[in-house]
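K.L.:
The chain contents come next:
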Amino acid sequence: MFKAMRASDLLKPRPEGLYCPPGDFFIDPVRPVGRALITHGHSDHARSGHRSVLATQETLDIMGLRYGEDFAGTTQAAALGETLDIDGVAVTFRPAGHVLGSAQICVEHGGMRIVASGDYKRQKDATCLPFEPIPCDVFITEATFGLPVFRHPPDHEEIARVLKSAAQFPERSHLIGAYALGKAQRVMRLLRDAGYDRPIYIHGALAKLSEYYQSQGIDLGRLEPATVESRGKADFAGAIVVGPPSAFADRWARRFPDPISCFASGWMRIRQRAKQGGVELPLIISDHADWDELIITIKETGAEEIWVTHGREEALVRWCELEGIAARPLHLVGYEDEGD
Amino acid sequence: MNRFAELLDRLVLTPSRNGKLTLLTDYFRSVEDPDRGLALAAITGDLNIAAVKPAMLRALVVERMDPVLFGYSYDYVGDLAETVSLVWPQPQGHIPNHVPTLAEVVARLQAASRSDGPRVLARLLDDASISARFAIIKLVTGGLRIGVSARLAKQALADLGQVDVAEIEELWHGLAPPYTDLFAWLEGRAEKPRSAALALFRPVMLSNAVDDNDLEKLDPTDYAAEWKWDGIRVQAVCEGGVRRLYSRTGDDVSGAFPDLAAAMNFEAALDGELLVGDPREATGTFSDLQQRLNRKSVSPKIQQQYPAFMRCYDALQIDGEDLRALPFAERRKRLEAFVGTLDPSRFDLSPLVAFSDWETLERLRQAPPHPIIEGVMLKRWDSPYLAGRPKGPWFKWKRDPHTIDAVLMYAQRGHGKRSSFYSDYTFGVWSGPEGSEELVPVGKAYFGFTDEELREIDKYVRDNTIERFGPVRSVRADRRNGLVLEVAFEGLNRSTRHKSGVAMRFPRISRLRWDKPAAEADRIETLQALLDS
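Residue numbers (the working numbering), protein chains in the order written: chain E, 1 to 340; chain V, 1001 to 1533.
Keep in mind that the hints are not guaranteed to be accurate.
To be verified - These stretches of chain V come out as covered by chain E in the derived footprint (C-beta under 8 angstroms, 3 or more residues):
1. 1053-1062
2. 1096-1110
Claimed, not checked - Calculated pairs, PhoX-like style, for lysine-lysine (alpha carbon to alpha carbon, straight line, at most 20 angstroms):
3. Lys1192/V with Lys1053/V
4. Lys233/E with Lys1444/V
5. Lys1417/V with Lys1459/V
6. Lys1459/V with Lys275/E
7. Lys1053/V with Lys275/E
8. Lys275/E with Lys1444/V
Derived from the structure by calculation, the hints contain no laboratory data.
For each residue, glycine too, the CB sits at the ideal point set by N, CA and C.
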């Protein structure tokens, strides 16, 4: 089919991020720019200091909580599924299933449609809307877990392992390391779905975001601060505590009796990663697509060309070659894996 | 199979002994026969399955997936068994309708012939979950490497049945997988299994360390003294033509010492120390002994260079008569007469050390006649041979440890209660010419300090970190800055694995020398001199 536009003229990598020349905007820029479209609230994608920001209402709220209300000059909320016109470029936000408010951004102009999916996953998650595959010409995929070794098990099986361990070691506390935005709330929600109804103790760094999730109708049950100085060690026996992973190596963790350190992350698939981090109970719970989800998604979009970004690009590019799909790594800099 | 796989996954990452025991006893309690017995056998190394070579495993997987993608995966993970368990592609449309039990897996592997072994393995992997695939591959590649010794598994059984672990050890070699009668007894559903097997292990008698004020309360005439040999405690048992050499925890080590086993042509159970050399001429040092340890097979050359012999110090049974209830003095007489009948190149007597008072013995202890002596043993003349570590009849009085002043170089986070503390310390001593000294690491220690001292060192580590790698911090340590640790250790071996060329035995932190400037810590030459003495 004839395309009036080449894909590389519609979106191209620049040091600031992915740039759309006809629409004069960036997607998830890593430096302050004039006009930014943002897929989700993780700090490597959502930075402060842009002149204007277009994102879902939830992502705007999350940015406000993290950076303060003046994080951008002006903001505009993008409604999911609604197409906006930006200087002749049609832009549509659709759910990405990554964290609350996360979206893919579909960019269309001159008969060429590119979907920048941001970070995404396909496993169902009660804390955000599910990913919607969008037919497109070019699909830009993340590759955080772009190796055939990454196969995420069903998340409820992982949560069952924590609850079993808590029953086996009632005198100890279980500290679950989980990133503050998304993963932590998903873990709490999974605990509730598994029938755990005792209070969950949380590190102070999770308080604001968890409260925000609750305000959006995501029930996390009773959360109590794990930071009360008057609480004795014995009170935490048998408790489940959720906090950012960095806190568990910290002196903060000393208030808990003989803690079992758990870490909820796709990286926990690799034993050596768990071992090096001193993790006793790895929980393979990820907000990123695993290998199987990546390749299913690529097929479902029907894209003729795949651009692969942040992660292990080479394996996914190789897989596309074997499948006869054009693919190339998109060398974008500045993205880490805050979400996992 | 899945429960066994889950057990392995947990054990690998659980550092604490008590945590491992809880996981094991829970498993044995909740899993039925014969799976639990087969799991036990897999852990203790008593399960016989024909081995699959790594090359075969790799060949199986690249028949099923792109070799380039497999290569990327293996490079990333670094462990073949783990990589294969993760990338193994389930056949298209294949949904296993039944998760095989451990017993079914073991039966299929044991029934496989050499030629259809790989095919049987592949079918099992097709039907298994990721964790189960890892467990199956571990079973067929030999050696689970999950940080659980046979001894720990037996302790878990003892915990399960609320019995003394010595009872399990005594029974062990008469039992076979899947240990159904053992579990029945431990669960109170049957009598203790009686074994018809010959040459069983007898639980050993252990000693207590002499404490500061012990000796003044003891009468020297009540005790015999012997040298304490720094070899390997062994028990040689021969009964009705069956010969077994056991370690002190009841592991059969006959295979590692075929030369000694060949000379065991008697009817008795003897307790003694395994050493190398020719007892009539010279006893080898600990370094010599090390040439015989931790080897899968022993070449004739090594056997000839470092022949194993046994220095006997007790007799538990001679010609069918159980001597354990007799007093030590009586057992010793029988032992002396009996050892005289054995091959003198393979068996000798541990001599008694004559002394009249504790001061005399103290002088002998401080200046032993051979480097492989690490102190003296005191045994009450009237003591029967009791399993375990009864307080009173036997004492070990070790040579004082060596100490050295070293500088803290790296600290690693601990586990469990210590997971928020930097509690494992790598320390070094100075090396190199004056003016350009460098610290060279000489060992690692993670105990010997009080909880209060741990907090102090932890603060010091956090305040003086110069680099981090995962759970490890590199600590400021140069001529002007550094924390000096007094490290006590039992001995020193040459080592080709360590840059310093030495390896400490049993190092621990004996004192924190906040007062001592880093530049005044010891030099490597001090250790080298110890090695040569």
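K.L.:
Taking a Cβ-to-Cβ distance below 8 angstroms as contact, does the segment 1096-1110 of chain V have at least three residues touching chain E?
P.N.:
violated (count 0)
K.L.:
With a C-beta cutoff of 8 angstroms, work out whether three or more residues of the segment 1053-1062 of chain V approach chain E closely enough for the coverage to hold.
P.N.:
n = 0 at 8 angstroms, threshold three: violated.
K.L.:
Would you mind confirming whether the straight-line C-alpha gap from Lys1053/V to Lys275/E stays at or under 20 angstroms?
P.N.:
26 angstroms, violated
K.L.:
Under the criterion that the straight-line Cα-Cα distance not exceed 20 angstroms, is the pair Lys1459/V, Lys275/E satisfied?
P.N.:
At roughly 24 angstroms apart (the allowed maximum being 20 angstroms), Lys275/E and Lys1459/V break the hint.
K.L.:
Compare the distance between the alpha carbons of Lys275/E and Lys1444/V with 20 angstroms, and conclude whether the hinted pair is satisfied.
P.N.:
19 angstroms, holds
K.L.:
Given the hinted pair Lys1417/V and Lys1459/V, is their Cα-Cα distance within 20 angstroms?
P.N.:
16 angstroms, holds
K.L.:
Just to be careful, I want the Cα atoms of Lys1192/V and Lys1053/V compared with a cutoff of 20 angstroms; is the pair within it?
P.N.:
The hint is violated at about 40 angstroms.
K.L.:
CA of Lys233/E to CA of Lys1444/V, is that 20 angstroms or under?
P.N.:
With Cα atoms ~31 angstroms apart, Lys233/E and Lys1444/V exceed 20 angstroms; violated.
Checked against the numbered hints listed earlier, the structure breaks hints 1, 2, 3, 4, 6, 7; every other hint is satisfied.
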